[in-house]
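Generate the whole structure from the sequences, applying the supplied hints.
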Amino acid sequence: MIVAKRKPLGEIVEMLAPYQKITVIGCRSCVAICLAGGEKEVKMLVSALKIKNRKEGRKQQIDGFVVERQCEKEWVKEVEERILDSDVTLSMACSLGAQTIGDMYPKHLTFPGLNTGMFGVPEEQGVWSEKCIGCGNCIIHTTGGICPIARCAKSMLNGPCGGSANGKCEVNLEVDCAWVAIYDRLKLQNRLDLIENFTPAKDWSTSHSGGRRIYVREDAKLSQHQKKGKEAVQ
Amino acid sequence: MKAGSNLEKVLESGKFAVTAEIGPPQSANPEPLTHHARMLKGYADAFNLTDNQTAVVRLSSIASAVIIMREGIEPVIQMTCRDRNRIGLQSDLFGAAALGVKNVLCLTGDHHIFGNEKAAKGVFDFDSIVELKVFDDLRNSGKQLGGEQIKDPPKTYLGCAENPFATPYEWRAARLAKKAAAGADFCQTQAIFDMKMFERWMDEIRGRGLDKKVHILAGVIPVKSAGSARYMKNKVPGMIVPKEIVDRMKNAKDAKEEGIRLCVEQIETLKSIKGVHGVHIMAVAWEEMIPRIVKEAGLLPRPTF
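Here the protein sequences come in this chain order: A and B.
Following this note's numbering, the numbering of the first sequence begins with 1 at its first residue and continues without gaps.
Following this note's numbering, the numbering of the second sequence begins with 235 at its first residue and continues without gaps.
None of these hints come from the bench; they were simulated from the model.
As the structure is a prediction and not an experimental result, all values here were calculated from the model.
Beta carbons are placed, not taken as given, at the ideal position from N, Cα and C, and that holds for glycine.
Among the hints, erroneous ones may be present.
[What the hints assert, rightly or not] Mimicking SDA-like on lysine to any residue, the simulated pairs with C-alpha atoms at most 20 Å apart in a straight line are:
{"hint": "1", "chain 1": "B", "residue 1": "K447", "chain 2": "A", "residue 2": "E196"}
{"hint": "2", "chain 1": "B", "residue 1": "K355", "chain 2": "A", "residue 2": "C135"}
{"hint": "3", "chain 1": "B", "residue 1": "K355", "chain 2": "A", "residue 2": "I133"}
{"hint": "4", "chain 1": "B", "residue 1": "K355", "chain 2": "A", "residue 2": "R212"}
{"hint": "5", "chain 1": "A", "residue 1": "K168", "chain 2": "B", "residue 2": "T288"}
{"hint": "6", "chain 1": "B", "residue 1": "K477", "chain 2": "A", "residue 2": "A165"}
{"hint": "7", "chain 1": "B", "residue 1": "K430", "chain 2": "A", "residue 2": "A165"}
{"hint": "8", "chain 1": "B", "residue 1": "K469", "chain 2": "A", "residue 2": "V171"}
{"hint": "9", "chain 1": "A", "residue 1": "K168", "chain 2": "B", "residue 2": "F348"}
[What the hints assert, rightly or not] One side only, chain A facing chain B, incomplete, derived with CB under 7 Å:
{"hint": "10", "residue": "K154"}
{"hint": "11", "residue": "S155"}
{"hint": "12", "residue": "M156"}
{"hint": "13", "residue": "N158"}
{"hint": "14", "residue": "G159"}
{"hint": "15", "residue": "C161"}
{"hint": "16", "residue": "G162"}
{"hint": "17", "residue": "A165"}
{"hint": "18", "residue": "G167"}
{"hint": "19", "residue": "E170"}
{"hint": "20", "residue": "V180"}
{"hint": "21", "residue": "Y183"}
{"hint": "22", "residue": "I195"}
{"hint": "23", "residue": "A201"}
Below, the structure written as C-alpha cells:
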C-alpha cells in the first residue's frame, strides 16, 4: 500500500493561513491504514487547527470528512459541492488523492496535508517499511522474494556491498541488509546456487526514468457507447 | 597486454606489486596532488585516485590522474556508480582513456549519506559488477551497453575491490568470482587486520582457482593511534580490527612508530600468502609514511620496464 505521513502542523497552518473556508478531506484507503489520513486523523487535525486558530486569534471556518477512495473520481464526485463551497481543500489522502481532486477541479485550490512516502507494508502496529519502488520489471523470483532495488540503499543487483556488518545496512544500522536477507532466504530455499549468477544492467525504461507511465488495458476500456450509457446513469 | 600500463606489466610479469592511495583535495588546488606525486614517485607501481571517497566532494579522480601523470607517476582512477549513470560512466571512461589513463577501479561507491552532500540524489544505475562487465565489453569488442558499436574503444586495465570482512562472509568469494568473470584483472581488498579471517578467505579464493584469474592486492592501512584503531573496530561497518591490535597500539610507547611497524609486519605476512600478488597501501591522510613502509617491507626498488 501507499504509506504517507502527515505534514507538520506548522507547515499546514502556514499553507492555509490566507484562506477563510477550508475543507479537509481524508481517505479510507491506504492512508487510513497507515494512520495518516483516515477519519480519526482528519478529526484530530481539524481540532488541532481550530485550537491553534483560537489561541492565535485567527478566524477560519474548517470542516473535515472522509471519502472512500480519493484517487477515484466517482468517490470525489459525490462530495463535489462541499469541495467547491470552500476556498481551499486540504487533502489528507496521498498525493494521488490530492491530484485527483486538483485535476477534477482545476480552478479550485487543493493542497497536500500529507507527505507521500513509499510503497510499504505494515510490519507491526505503528511500523511501516518500504519494499517496492515500482520499477516496472519485477525480479524477486531470482532474489528469494526480496526486492534489492527497494530494500538495498544502493539498489545493488549482484549481491551485498562491502558495508554490510552483522547483517545490517551501513546507511542505517537499524535496517537489515537486503542482500543478507536474500542470502538467508535462498539458503532456506536450498537455492544458494543463484548467488553465482550475474545480473546484467537493469533496463530502467520501465520505471519513472522512461518518463511518466500510463498503463492502458484495451480490453477493459469502455466503448463510446458504453461511456454514454454510464454517463446517463450517473 | 590489455592496456599496457605499468601496473599491468608488474602483475603480468609475476612480480609482487605495490599500489598506494592518494586522496584528492577538497578544493580546486592541484598543489597537494603535485606534492604527493613528487614525494611518492618510485615507491609504488601505480597510485589510486579516490572518487569523492566517503561521498565528500573533492577534486575529480580523472583530473587528479592527469595532474599526477604530469609528474611521471601512474594513476589508477576509481570510478563509482554513485554519481553517474551509464551515460556518464561510459563517457568518462572514454575521456579518461583519451587523457592517457590506463587503470580503472570499478566501485559501487560509498552512500552519499556519509558525505557532505547528504541531500543528494543517489544514482546507482549500475553496481560495480555491472560496471566491470560494461567496461570489459567496451574494451574487448567496442560494444557500448546500449548496443552501439564504437571505434577506438578505451583500452583499460580493470580493477575491483572486495571486502572479505563484510556479511554474509559466505558470499565474499563468490562475489570475487563474479567480478573476475565480469572482467576484473586485479582486486584491491579492504584493509586487513584480521589475518586469520583473510587467510580463510584466500583458501576459498584458491579453492575456486580465482587467484589465477585475478591478481589480488591485499589492502593495508597504517594506523596512527589506538584511537583510530578503536574507531575502525567500532565505527566502520565492514571492518574487523581484532582487540589485540587495539591493545598493541594502546600499550605502545610511540603509537605512530608502532603503527608503521605493525603495517610492515602485516605486509611481510601477506607476501607469504599464496595467491597474494601485491599490496595496496591506504595511508589515509598519512601519505608521507608510504616511502618508509615500502622500504622497510623490503619492496624496493620497484621494477621498471
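Here is how each hint holds up against the structure:
Distance hint between B/K447 and A/E196 is fulfilled; the C-alpha atoms sit about 16 Å from each other, no more than 20 Å. The straight-line distance between the Cα atoms of B/K355 and A/C135 is roughly 17 Å, inside the 20 Å bound, and the hint therefore holds. The straight-line distance between the Cα atoms of B/K355 and A/I133 is roughly 15 Å, inside the 20 Å bound, and the hint therefore holds. Taken as a hint, the B/K355 and A/R212 pair is honoured in the structure, with Cα atoms around 19 Å apart against an allowance of 20 Å.
Restraint check for A/K168 and B/T288: the C-alpha separation of about 18 Å stays at or below 20 Å, so the hint holds. Of the pairs offered as hints, the one joining B/K477 and A/A165 holds, with about 17 Å between alpha carbons and a cut-off of 20 Å not exceeded. Note on B/K430 and A/A165: the hinted pairing holds, with a Cα-Cα distance of about 18 Å set against a maximum of 20 Å. For the suggested pair B/K469 and A/V171, the alpha carbons sit about 12 Å apart, so the restraint of at most 20 Å is met.
Note on A/K168 and B/F348: the hinted pairing holds, with a Cα-Cα distance of about 16 Å set against a maximum of 20 Å. Nearest Cβ of chain B to the Cβ of A/K154: about 5 Å, under the 7 Å cut. The hint holds. A least Cβ separation of about 5 Å between A/S155 and chain B falls short of the 7 Å threshold, and the interface hint therefore holds. This hint holds: A/M156 has a C-beta 5 Å from the nearest C-beta of chain B, less than the 7 Å allowed.
With its C-beta approaching chain B no nearer than about 4 Å, A/N158 sits inside the 7 Å limit, and its interface hint holds. This hint holds: A/G159 has a C-beta 5 Å from the nearest C-beta of chain B, less than the 7 Å allowed. The interface hint given for A/C161 is met, as the beta carbon of that residue sits about 5 Å from the closest beta carbon of chain B, less than 7 Å. Taking 7 Å as the C-beta cut-off, the interface hint given for A/G162 holds, the closest approach to chain B being about 3 Å.
Restraint check, A/A165 versus chain B: the minimum CB separation of about 4 Å is within 7 Å; hint holds. Among the interface hints, the one on A/G167 holds; its C-beta lies about 5 Å from the nearest C-beta in chain B, closer than the 7 Å criterion. For A/E170, the shortest C-beta to C-beta distance to chain B is roughly 4 Å, which falls under 7 Å, so the interface hint holds. For A/V180, the interface hint holds, the least distance from its beta-carbon to any beta-carbon of chain B being 5 Å, beneath 7 Å.
The criterion of a C-beta within 7 Å of any C-beta in chain B is met by A/Y183, whose closest approach is roughly 5 Å, and the hint holds. For the restraint placing A/I195 at the interface with chain B, the shortest Cβ-Cβ distance is roughly 5 Å, inside the 7 Å limit, so the hint holds. Given the 7 Å rule on beta carbons, the hint for A/A201 holds: about 5 Å separates it from the nearest Cβ of chain B.
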